[in-house]
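2 protein chains.
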Amino acid sequence: MTTSATPRERLLDAAGELFYRDGVGIGVDALCKAAGVSKKSMYQLFRSKDELIAESLASRGPAYQRMLHPGSEDDRPARDRILSVFERQDRMAAESNYLGCPMVSTAVELKNPEHPGSVVARHFKQQLTDYFHRELVKAGADDPGTLAIQLTIIFDGVSARAVVRAQPLGGVGVATAAALLDAAGVRSGELATQAR
Amino acid sequence: MTTSATPRERLLDAAGELFYRDGVGIGVDALCKAAGVSKKSMYQLFRSKDELIAESLASRGPAYQRMLHPGSEDDRPARDRILSVFERQDRMAAESNYLGCPMVSTAVELKNPEHPGSVVARHFKQQLTDYFHRELVKAGADDPGTLAIQLTIIFDGVSARAVVRAQPLGGVGVATAAALLDAAGVRSGELATQAR
DNA sequence: ATGCGTGGAAACCGATCTGTTTCCATCAGC
DNA sequence: GCTGATGGAAACAGATCGGTTTCCACGCAT
Numbered sequence: 001m002t003t004s005a006t007p008r009e010r011l012l013d014a015a016g017e018l019f020y021r022d023g024v025g026i027g028v029d030a031l032c033k034a035a036g037v038s039k040k041s042m043y044q045l046f047r048s049k050d051e052l053i054a055e056s057l058a059s060r061g062p063a064y065q066r067m068l069h070p071g072s073e074d075d076r077p078a079r080d081r082i083l084s085v086f087e088r089q090d091r092m093a094a095e096s097n098y099l100g101c102p103m104v105s106t107a108v109e110l111k112n113p114e115h116p117g118s119v120v121a122r123h124f125k126q127q128l129t130d131y132f133h134r135e136l137v138k139a140g141a142d143d144p145g146t147l148a149i150q151l152t153i154i155f156d157g158v159s160a161r162a163v164v165r166a167q168p169l170g171g172v173g174v175a176t177a178a179a180l181l182d183a184a185g186v187r188s189g190e191l192a193t194q195a196r
Numbered sequence: 197m198t199t200s201a202t203p204r205e206r207l208l209d210a211a212g213e214l215f216y217r218d219g220v221g222i223g224v225d226a227l228c229k230a231a232g233v234s235k236k237s238m239y240q241l242f243r244s245k246d247e248l249i250a251e252s253l254a255s256r257g258p259a260y261q262r263m264l265h266p267g268s269e270d271d272r273p274a275r276d277r278i279l280s281v282f283e284r285q286d287r288m289a290a291e292s293n294y295l296g297c298p299m300v301s302t303a304v305e306l307k308n309p310e311h312p313g314s315v316v317a318r319h320f321k322q323q324l325t326d327y328f329h330r331e332l333v334k335a336g337a338d339d340p341g342t343l344a345i346q347l348t349i350i351f352d353g354v355s356a357r358a359v360v361r362a363q364p365l366g367g368v369g370v371a372t373a374a375a376l377l378d379a380a381g382v383r384s385g386e387l388a389t390q391a392r
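Here the protein sequences come in this chain order: A and B. Taken in order, the first sequence gives residues 1 to 196; the numbers are from the numbering used here. Taken in order, the second sequence gives residues 197 to 392; the numbers are from the numbering used here.
Keep in mind the hints are simulated off the structure, nothing from the lab. Just so you know, these numbers come straight off a predicted model, no measurement behind them. The reader is advised that the hints may include incorrect statements.
Capping the alpha-carbon separation at 30 Å, the derived lysine-lysine pairs in DSS-like fashion look like this [stated by the list, open to error]:
(1) A/138 x A/40
(2) B/229 x B/245
(3) B/307 x B/229
(4) B/235 x B/334
(5) B/235 x A/111
(6) B/236 x B/334
(7) B/245 x A/111
(8) B/236 x A/39
(9) A/49 x B/236
(10) A/39 x A/49
(11) A/111 x B/229
(12) A/49 x A/33
(13) B/245 x B/307
(14) A/33 x B/236
(15) B/235 x B/245
(16) A/111 x B/334
(17) A/33 x A/111
(18) A/138 x B/235
(19) A/49 x A/138
(20) A/33 x B/245
(21) A/111 x A/39
(22) B/307 x A/33
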């Protein structure tokens, strides 16, 4: 519809949204129609639908990260920066059109872990874990590696819970992450604490 | 291909496996072929493919539960019974054909939370939470409701992690659940403990 | 032997799938 | 004006989709 951006950008945008909303099973005809791009153009911009799946997911990754991570201008303690990821997720999951983490959803639908889209999903999941890890190191956590993975697991568990529409939905991610951080001795003070 | 069971059972079995392995997008032709049942029979046993999705998921639910929950003959402390759910999940997730919790995967693929299959998935997710809740009450946990939800979240987070094939895969579910139980004061002694 | 119900094989329906191709309108540079 | 690249509209290919229908081979009761 918008003819402003290049065909490639329009396609990536429409694909990112429709693959998420309707699943990767949606047809390329519908995709191209939504993007205002012909199939001919699509197939000379992307080798196949599978490649479009991967590229559109990759193109949305950075914005997805920015939506979740507090920026570097946020100079609160690392613990708060971690918890704010779950606060943001809670806010996203509360919206009626939330269908889970797009990375996990895509990987679930693709089944094949070697599909280029699955590789992208794995990459961005690792990025989230890396973010947690950096913050945990800043906070002086004892075992930042394990804890970062555990936080990622909570993130995806909350996402799954939102998908199945289990009640209640709100706030449980933040609480669980906080409980885990508390247990590991990561307190608001940002200092390497007692525990262990 | 076994012609022993009734067409209905053969269909439910094949559907349960193929919907899980290939996704709910698989065609009814392939389903019927695998079950050794004609489409005519299928459509007089089930109103639609959507109904078959829901019924096959529902038919596999009990066995899925038995695979995860320790039976009543297991008289270990409640804490151990809870942790053994995650041990069993770890064992399942280690197999190469593991594609995540079938309930969550189906809900993710269906997108529509009112789809009969999504309703079944939600039901069995609640059943897992209820199991945790019963055990936590036995263990005298302070806030069994919240903790049961948190354990379910960990379960689904571990499942998602296995789907995206993030490394490392093993043992992290048990460790995370144990950390949460420890933090809540649910110790092996099965007694309502200190904390809070 | 006759009738009936079950159920598999397969044709069929219209729609949709991924991917290719043809045709034509537009616009830049010269 | 002319040329060449871009890109949309749409037909096309062959396969598959969910779902219906026809036909026929069985088994079982009477």
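Status of each hint after checking the structure:
Annotation: proposed proximity of residue 138 of chain A to residue 40 of chain A is violated, straight-line Cα distance about 50 Å (limit 30 Å). Under the criterion of a C-alpha separation no larger than 30 Å, the hint pairing residue 229 of chain B with residue 245 of chain B is consistent with the structure, at around 15 Å. Only pairs whose Cα atoms come within 30 Å are accepted, and residue 307 of chain B paired with residue 229 of chain B is accepted, the gap being roughly 27 Å. With a C-alpha separation of about 49 Å, the suggested pair residue 235 of chain B and residue 334 of chain B falls outside the 30 Å cut-off, and the hint is violated.
As the CA atoms of residue 235 of chain B and residue 111 of chain A are separated by approximately 26 Å, the hinted pair is consistent with the 30 Å bound. The suggested pairing of residue 236 of chain B with residue 334 of chain B is violated, with an alpha-carbon distance near 50 Å, which exceeds 30 Å. Only pairs whose Cα atoms come within 30 Å are accepted, and residue 245 of chain B paired with residue 111 of chain A is accepted, the gap being roughly 20 Å. In summary, the hint linking residue 236 of chain B to residue 39 of chain A is not supported, as the alpha carbons are separated by about 37 Å, beyond the 30 Å threshold.
Between residue 49 of chain A and residue 236 of chain B, the direct Cα distance comes to roughly 33 Å. Violation of the 30 Å bound is thereby established for this hinted pair. Of the supplied pair hints, the one linking residue 39 of chain A and residue 49 of chain A holds, its CA atoms being roughly 11 Å apart against a limit of 30 Å. As the CA atoms of residue 111 of chain A and residue 229 of chain B are separated by approximately 22 Å, the hinted pair is consistent with the 30 Å bound. A distance of roughly 15 Å separates the Cα atoms of residue 49 of chain A and residue 33 of chain A; the hinted pair therefore holds under the 30 Å criterion.
With a C-alpha separation of about 16 Å, the suggested pair residue 245 of chain B and residue 307 of chain B falls inside the 30 Å cut-off, and the hint holds. Among the hinted pairs, residue 33 of chain A with residue 236 of chain B is inconsistent with the structure: their alpha-carbon atoms are about 36 Å apart, more than 30 Å. Between the alpha carbons of residue 235 of chain B and residue 245 of chain B the distance comes to roughly 11 Å, so the proposed pair stays at or under 30 Å and holds. The hinted pair formed by residue 111 of chain A and residue 334 of chain B fails the criterion: a straight-line CA distance of about 38 Å is larger than 30 Å.
Of the supplied pair hints, the one linking residue 33 of chain A and residue 111 of chain A holds, its CA atoms being roughly 27 Å apart against a limit of 30 Å. Proposed proximity of residue 138 of chain A and residue 235 of chain B is contradicted: the alpha carbons are some 61 Å apart, above 30 Å. A threshold of 30 Å between alpha carbons decides the hint, and for residue 49 of chain A with residue 138 of chain A the separation of about 42 Å lies outside it, so the pair is violated. Taking the CA atoms of residue 33 of chain A and residue 245 of chain B, the gap is about 28 Å. The hint holds against a cut of 30 Å.
Of the supplied pair hints, the one linking residue 111 of chain A and residue 39 of chain A holds, its CA atoms being roughly 26 Å apart against a limit of 30 Å. With a C-alpha separation of about 22 Å, the suggested pairing of residue 307 of chain B with residue 33 of chain A holds against the 30 Å cut-off.
In summary, the numbered hints that this structure violates are 1, 4, 6, 8, 9, 14, 16, 18 and 19.
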